[in-house]
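Trainee: Chains as they are written, first to last, in this note's numbering: chain E, 1 to 217; chain R, 1001 to 1263; chain B, 2001 to 2798.
Some clues are possibly wrong.
Only part of the chain R face toward chain E is listed, based on derived beta-carbon distances under 10 Å [as the list claims (entries may be wrong)]:
{"id": "1", "residue": "V1021"}
{"id": "2", "residue": "W1025"}
{"id": "3", "residue": "T1077"}
{"id": "4", "residue": "G1080"}
{"id": "5", "residue": "C1105"}
{"id": "6", "residue": "C1108"}
{"id": "7", "residue": "Y1110"}
{"id": "8", "residue": "T1205"}
{"id": "9", "residue": "A1252"}
Hints listed in this document are in silico derivations from the structure and should not be mistaken for laboratory results. C-beta: ideal position from N, C-alpha, C; glycine also.
Each chain, letter by letter, is given below.
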Amino acid sequence: MQEVERYKLSTRVLHWIVAASFLVLAITGLFLFAPWFSAAAWWGWSGVAHRVAAAIFVLVPVLFVLFGNWSRSMGFVKEAFAWGKDDVEWFKAAPDYYFGGDPSRMPPQGHINTGQKLYWLTVLVASAILLATGVIMWFFKGIVTAEVIQWSIFLHSLAFIGLGVFFLVHFQLSALHPRMPESLGSMIWGKVSAKYAQSHHGKWYDRTSADQEAQEA
Amino acid sequence: MAKAILYDATKCVACRGCQVVCKQWNELKAEFTENRGSYENPKDLSPETWIKMEFREIPRNGSVAWLFTRRACMHCTDAGCVTACPTGAVYHHDLGFVAYDKGKCTGCGYCVDFCPFEVPQLDGSRVTGLGRIDKCTFCTTHGLDRIGNGLEPACVKTCPPGALIYGDRGELVAEGNKRVAALGGNATLYGENELDGLHVLYVLTDSPETYGLPKDPKVSAAATAWKDIIQPLGWAAGGLVAGGLLINLIVARARQIRAEEEK
Amino acid sequence: MTNHWNDIANADCMIAIGSNPVENHPAASGWITAAKERGAKLISVDPRFTRTSAIADIYCKMRSGTDVAFIGGIIKYVLDEMDQYPEKYNMVYVTEYTNASFLINPDFEGPADLDGLFSGYDPAKRSYDKSSWQYQSPEEDGTPKWDKSLKDPNCVFQHLKKHFARYDVDTVCKITGSPKDTYLEICKTYAATGAPGKTGTILYAMGTTQHTNGTQMIRSYAMLQLLLGNIGVAGGGINALRGESNVQGSTDHCLLCHILPGYLKQPTNKDETLEKLLERVTPKSGDPKSANWWQHYPKYMVSLLKAWYGDAATKGNEFGYQYLPKTTKPYNDYSWIGLFEEMYAGTIKGLMCWGQNPAVCGPNVKMERKAIENLDWLVAVDLWETETAAIWKRPGVDPSTIGVEVFLLPAAASYEKEGSITNSGRWAQWRYKAIEPPGQAKEDLWIINKLVLKLQELYARESGPNAEAITKLTWDYGDSPSADKVAREINGYNLTTGKLAASFGKLKDDGTTSSGNWLYCASYTEAGNMMARRDPSPGAFNIGLHPKWAWCWPVNRRIIYNRASVDLDGVPWDKEHPVIWWRNGKWDGDVPDGGWPPMALDPEKTKYPFIMKPEGHARIFGMGRADGPFPEHYEPWESPVDNLLSGTQNDPAFKIWGSEMDLKGDRDRYPIVCTTYRLTEHWQAGQMTRNLPWIVELMPEMFVELSQELAAEKGIVNGGRVIVETARGKVEGVALVTARFKPFQINGQTVHQVGLPWHWGYTGSSTGDSANMLTPHVGDANTMIPEFKAFLCDVRRA
């Protein structure tokens, strides 16, 4: 069966590092939310884990951007902001589609689809907020006013709710959903079947196969 | 029946017996201090120092006045720390004051950030965030519970000039108002209505600011927002989405199987 | 204290002068707060604004060492008012109960005539011939010569007016540096307690006593109180706030060089026989109305000798009087300063240092440390290794060059032993042992018992000079002595019946009674240990006498001189706070100062109220003092200014040794006044607190308090380090720059004053320079208490 490369190795490694650190952050962060988890906080050691994970969560992508392929990194960022008419169509068709309805009404999608774009955008914005407020809470206690700390806590929590909720959707669609059988594998092995690529990311498949043909020619 | 401590600044002589006995009863360590050009020490409250006396020199009538103030947990009714504490480690005792259960504390430090009086203190590493938080427990620390055993708090017990009294809050408010009326002038009773009522009441000869107390302390809107918006929002959003996703999964699976069967 | 701690609550006005009760007696100062709650006014007079000043209604600054001027001005204010408005004062009290009306020898002259001196002064001996300071000879029937109209120019009252006429408000404020309006407010406020039924109390402590004319300062307080009718009444009196919990007890039991237990006089080598001694010390009065209580002296002396020597004390051997050591020099020489001069000179070879830490607490401690170093041996009995015990390894010395051999005996702390303490209010309170002492620490009683038993054994075997003084001692305490047995011995016995003596009224001079201290006779009777009583009931008139709580000397009398609290008919001046009251032919209330009927009701049987004086009247004119019958202002030994009142700069009668380390600083080099004091947080020489981390946390370091003005002048910043230097030494500490110290304007000249706590030394967990490196080696003319409170220094940035 013909396969198409979807994610380079470095991208996959980056994804999993960020994913793992995010999970640690989310769980240790949740200890602060849930009284019944307090015993698991281990007298504050969860806080240490949170800080270590936060450093990884922030620093690894930064290093990727700095020492990786600049244009590819920018390409990722651009993806989040490239919106068009098809995205509107996607929103109309998606509810039925994801509840197992007729796939033919879905407009063709690029390298990532509209939903993924939305998630990606949330990741970027929420991470920026989490980073900024996190740094304030971590390093600026006693330096900035109590109000700044207080509202940082508020925003940090708010950003986490947004990101956390979206993460659940992301996890379900990429790992569990029957419509996306090759999604998880693609992030592990880097490849999807041509058929899958064509049906799920039509525009991208057309473009990449055109590129490939051009190269071969 | 809510209990409280009445601190009468007109009777306090800053002997600091309360500071020492608090450490003795609650088994707190001495801190390393140095003389910083003042009688005051340690520098501030800390997990090892739950009460300290403040000394203020202010000009008065061409001479000087030396004002003494008790600095310790005010045991608010509308308590920023209780509002902000995610785990219930800081909580309202049945008798009204703010107790603290070390066992439940995750060390997040939100109580430190949300106290309008900057009372709870975190002593730890800025880098790891690891550290101890502690504060006055109104002598209800587990194993050292004076109140539960029918005793008054240690500071009240030791106070030589009788500047501290312990009793039913209602009675102490009445007593405090009586003393303030007798003092006249700028005298005020601090804590009667502040933050819906403090469980440490202050008889002051002058305005609260003169004694370094905030005139109109408020729990930050951020604390309320955090407790009343973020917490429910978080659980609601998380719950709804998780539920929705579960339904989606079941429906999508079922329809896909049906579609395949139809094929 | 004439009164007691609880009684302060009855006062209408309180002056804390030479004392800082809130800081140094924080628990007892609750009675001050109690009085304030009743509406009483607190006046704080201090060079520095203290924690006492913080709760005072009036604070007035006063340069250290100028108490006589300060109080003298109030006395003048009162005397002037008495002329104009006698109805505002209790003139009956002044006329009938004090010696104001007594006529004085016409030869008497005072400082107003003699440029600051009294008649009879011998500058070579620095002492007075007091013969001109006496009353005129009494009438035939024994009645004193007096003028009850107080007009006779030779009467005490007129002498008093003449003496204090020079103490006008302007002069006083130029001397003390006090603000005039505040000073006048104090005069007015305190003089108001002179109205019959109103009371004021004077609370003093070491701020008063530790001056070369400290005794006269106290005299000035007492005289003011007598003029205002404030002695003997509830909420009045002259109250020495003792610096330690049991200083009163130690004084009562004679831990002083000039007395035996119960304030009996130390025999000198001129008192060759008991008869001669008793002849000298027993006062006589021909006045039938004088109780002259000290006429019983022989009974107390013989009973003391019987307590000490038991069966070995017989009529035939003067009850063992010859066993007692006799002094050969003036008593000054046996005082602290005198003893350390002797050690310094090498005359004294050994020292038992019992709960004392002279290497921190002594004056001119650099010299006294050197003096200790000169000893052959030193026994230190203490809870910690004190600076004194560690003298041989103190900073800056080479231990191999120091010969003194130190024995450190670990002692039990107060909670680790049973016994009594006597507080400032003369209440002897029994305390029980709470815990066993740690390690090898032993009770003092155990230590002294072993020591005496060994001495008796050695003297019995080897003999020696006056060996019987030791071998004949009644010493029957066994191997571990009990405080209970000692307490009974102190009370005394009827030796015929073997029963405990009921009171000192029952003591006899024929050898049939014993009493280790006549003042404590009645403290432990056949009814039990009175000191152990714990019945808190307030007692008569609800003025807080608490007669069944512990026991109070003398004979459980809570307020002494209480017969002055009533008028001539026995009716209290203050009916709200009566101490005693003559009703239905007897006295109700406190134990009266003698049960005789009131003076106007039964002129035959009555006695004057001040029973301890042979004339039965309180002495406004006091001929017993070394340096004058009236207090006169003199400058401290080291002073930044000349005496404004006279050409006599210093008290003329205190002894100056002047050995090579007794240096005196001059005002050009050392222009700043310096004083020393204690803090709430530390205790005395510091061993009991500088080893406690919780306390060290509160007051971690030696510091120097100084004014913002002086700091600005010297470029000193708050929290920085400063050096204070005197002619004798220097100390370094943290600068505590404060608005609570203000420069004084002394006769148009700016005088700065700084203050230092004296708690630090070189051993223990918190160490620092000892303030006594700075203090001079001179003391009071009457008591030899060192002048710790006023001397000259210079201050600079470290």
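Trainee: Confirm or reject each hint.
Mentor: Structure-based check of all given hints:
1. Violation of the interface hint for V1021/R is found here, the shortest Cβ-Cβ separation to chain E being roughly 28 Å, above the 10 Å cut-off.
2. The beta carbon of W1025/R comes no nearer than 24 Å to any beta carbon in chain E, farther than 10 Å, and the hint placing it at the interface is violated.
3. The interface hint given for T1077/R is violated, since its Cβ lies 20 Å from the closest Cβ of chain E, which is over the 10 Å cut-off.
4. A distance limit of 10 Å between C-beta atoms decides the matter here; for G1080/R the minimum to chain E is near 9 Å, and the interface restraint holds.
5. Of the supplied interface hints, the one on C1105/R holds, with its beta-carbon coming within about 8 Å of a beta-carbon of chain E, less than 10 Å.
6. Of the supplied interface hints, the one on C1108/R holds, with its beta-carbon coming within about 5 Å of a beta-carbon of chain E, less than 10 Å.
7. Taking 10 Å as the C-beta contact cut-off toward chain E, the hint placing Y1110/R at the interface holds, the least distance being around 6 Å.
8. Proximity of T1205/R to chain E is violated relative to the hint, the smallest CB-CB distance being about 29 Å (cut-off 10 Å).
9. The beta carbon of A1252/R is positioned within 10 Å of a beta carbon in chain E (closest approach about 4 Å), and the interface hint is therefore held.
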